[in-house]
Amino acid sequence: MATDPRSQAAAGPRAAPVLKATGHRPVLQGARCSGCSVTVYPADDACPRCGGPADPVALQGTGTLWTWTVQRYEPKSPPYEPPPGGFEPFALGYVELADDVRVAAVLDVDDLDDVRIGMALSVTAGPGVPRARPTTLSEEGS
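For the sequence shown, our numbering begins at 1 and goes up steadily by one.
Check before you lean on any hint, since a few could be wrong.
Distance ranges between label pairs, derived from CB positions [as the list claims (entries may be wrong)]:
| no. | residue 1 | residue 2 | range |
| --- | --- | --- | --- |
| 1 | Ser37 | Gly85 | 17 to 23 Å |
| 2 | Asp114 | Gln60 | 19 to 25 Å |
| 3 | Gly86 | Val38 | 17 to 23 Å |
| 4 | Pro83 | Ala104 | 18 to 24 Å |
| 5 | Ala98 | Gly51 | 33 to 39 Å |
| 6 | Ser34 | Lys76 | 36 to 42 Å |
| 7 | Thr64 | Asp110 | 16 to 22 Å |
| 8 | Ser37 | Pro75 | 34 to 40 Å |
| 9 | Asp113 | Ser34 | 40 to 46 Å |
Please keep in mind that the hints were generated in silico from the structure rather than gathered at the bench.
C-beta: ideal position from N, C-alpha, C; glycine also.
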């Protein structure tokens, strides 16, 4: 079976794309198909639905938690490098953005018991997996 040349397997691993920062937050860079209007993250040159060309688009950094889980075991090393204080369980979820796309992100919360489906989150890009944290009242109003 041949690998589709547009697939991640054919292209090899790559970091999630990031556009220039606006203020203090890096912007998530997705792509929108010019034919069928599907939006994806991370950005790709081709639409996963119809195969047509896709153009880069800056995605809104706010959304709601669609689903989540807790990573309770330490990933294999390498490539994982444990932090100085040792491994701590963390939440990982899909955040549904207003752009009608879901982004996988590490959930930066103080207490795992506070995580709820539907909670408002702010997502930022960076090296590796995006990070999401609960929005503050000032962020919800902007």
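Comparing the hints with the structure gives:
no. : hint                       : verdict
1   : Ser37 / Gly85: 17 to 23 Å  : 45 Å, violated
2   : Asp114 / Gln60: 19 to 25 Å : 23 Å, holds
3   : Gly86 / Val38: 17 to 23 Å  : 41 Å, violated
4   : Pro83 / Ala104: 18 to 24 Å : 20 Å, holds
5   : Ala98 / Gly51: 33 to 39 Å  : 26 Å, violated
6   : Ser34 / Lys76: 36 to 42 Å  : 40 Å, holds
7   : Thr64 / Asp110: 16 to 22 Å : 19 Å, holds
8   : Ser37 / Pro75: 34 to 40 Å  : 36 Å, holds
9   : Asp113 / Ser34: 40 to 46 Å : 44 Å, holds
In terms of the numbered hints stated before, the structure departs from hints 1, 3 and 5, listed from lowest to highest.
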